[in-house]
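K.L.:
Same order as they appear, the protein sequences are chains A and B.
Position one of the first sequence corresponds to residue 70 (the numbering used here), numbered consecutively onward.
Position one of the second sequence corresponds to residue 423 (the numbering used here), numbered consecutively onward.
All the pointers check out, no bait thrown in.
To be clear about the criterion: a stretch of chain B counts as covered by chain A if any three or more of its residues have a C-beta under 8 Å from a C-beta of chain A, and this derived list gives those stretches:
1. 635-646
2. 685-697
Here are a few chain A residues that sit away from chain B, every Cβ distance over 12 Å (derived from the structure):
3. V186
4. A267
5. A308
Which chain A residues face chain B? A few, computed with CB under 7 Å, are given here:
6. G220
7. V344
8. T375
9. S378
I should point out that these hints are in silico values taken from the structure, not numbers from a laboratory.
Note that the Cβ used here is the ideal one computed from N, Cα and C, for glycine as well.
Letter by letter, the chains look like this.
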Amino acid sequence: MNAYFAYFAKRLVQFVVVVFIGVNLAFVITHASPIDPVEQSIAAVTSFGSTAPDAIAAMRSSLQELYGLKGTLAEQYVTFWSRVLRGDFGPSLSAFPTPVSALIGRALPWTAGLLIVSTLITWVLGNLLGGLAGYYQRSRTLKLMGVVAMGVHPIPYYIVALLLLIVFGFLWPVLPITGGSAMNLQQGWNWPFVSSVARHSILPALSLILIGLGSWFLGMRSLVSNIVTEDYVVYAETAGLDSRRVLGSYVMRNALAPQVTGLAMSLGGIFNGAVITEKVFGYPGVGTLLVDAVYAGDYGLVLGVTTVSIIAVSVGVLVIDLLYPLIDPRVELR
Amino acid sequence: MLAILRDLIRYNLEFRIGLFLVSIVVVMAALSVVSPYPAGDVYVVPPDLPPSTAHWLGTTSRGQDVFWQLTAAIRNTLFFGIMVAALSRVIALVVGLLAGYSGGWIDRVLMSINDTFIIIPLFPILILFYFVLRDSMSTPLLATIMACLGWAYDARLIRSVALSLKTREFTQTSIFSGMKTHEILAREHLPYVLPIVFSTTMNNMNWSIGIEVTLAVLGFTDINTPTIGGMIYWANQHTALVAGIWWWIAFPIALVVMTFVGLFLLAVSMNEYIDPRSRLARMGGSR
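Turn these sequences into a full structure, and let the hints guide you.
P.N.:
Structure, rendered in structure tokens:
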């Protein structure tokens, strides 16, 4: 158990490092800007209509504090961090005066739900099919699947999302192509709302699954086809063990370990995909929030979403890493 | 080198298909040189014409010939991918070789930075970059940023090879003969990792082109330089799909998908070639 705690501590340190570097990156990027974000943001807001002068002054001081433009660079750095740690990104400019944290809090469950469900489906399905394809190398169907996976895997999220949109939006309109749920529904655990959410999530989830499936499939197939030639597998086969048993407890089990690490490492990439998928399907998650914030010139919101997404993905990786030794007993708890 | 190429062409179907697809893409890009009008010009031909013998792939609502627009777009997109791949290869090589060879605290520090870059969601960060740089965001600048963000995974691969090279006898010999660290890395270890560098180049190009397309579609790049993503952006701006100008959006997508699949197949077949077990199996040896 001591070894597990050492492992735990190491992962925790890594998590802190990731968040630290990520947030510093955000600080550096914002300070590298040649434009004055405060004046830009204020110009963006006041262009919609006249605002009272004292409201503008209040906004300016709040913005300067938020962007860490008050005091020396060291002071700015400290202010920036303290605000990030408190989750305080000030009021949103495009939805003034709603705080940025409230907007993100509203959007986060949508993205988290979409990502967790589609990632799980993709991972399980991809590894299962890939494992079968690596083991039963003569199967025609599985070979064909490999060819399809190779063709689909390298296509970027946007293109797949767009193709789905064309097929199910124009050619064969059976599924809702935009929004997170139907309008005028009571949000909560009631059947009309839940089923509407499920129906609206099919296309965004499908685009994420289609892209992700290929890489898990191909990865697992090559892992398994290497393991199949190992001595202990050959031994188990010649000993007359049921082939399903060999595949399940000898081959798949050992091939899964690197795939679990891969799952942790791919989370960041999946999140990237979710941003564009959400935007294409108008899904009310943080991706849509981020892109709309850029269009609206809402600086605090962009910064907030970036920071929260870095933290959220790091938490996901941490959780997977902590579960990892429980799945694979061979992992040395270094 | 030529022998490797011959082997790949002879024994590897994936490589043949990949080579074929990439060749078409490269020919398209090369044709941009003989384009009858500059790619940036608008309203040089009648707008909204469907594909015909006069305009093979139709014309856009901005009065551009889709075919000639596409040649310039794919050329810029390819250049972008090559730029990112070349720059990030340098970073990945330095970090990977150094971390694998040095070990100890250098390795630990470099790898924790490395892991950070693997995990961090890059897309929001790129959007943040665009947000603060907006007007000065040019293609070379974006390529540099992407290169600084996209080296991590490949550095890990290179490190894993460097780790095993470190324990080989010739490394010891070089150390005793008084070679400096950077000489050992550049002259002794570099040749061994070059095959990996080549195959990761293809994957890195795919990755960077994919993100460029995605950013451009949202309008988050320099959309006045024609790229594949830029073409789709302008098509969306003119609601080409709703207006039925499908050729404006279908042909760029078809070409970029060809690029992706072609580069990916080249990378896969090279990877397989590097692994002697699967190479033997492919050439008809037994499992």
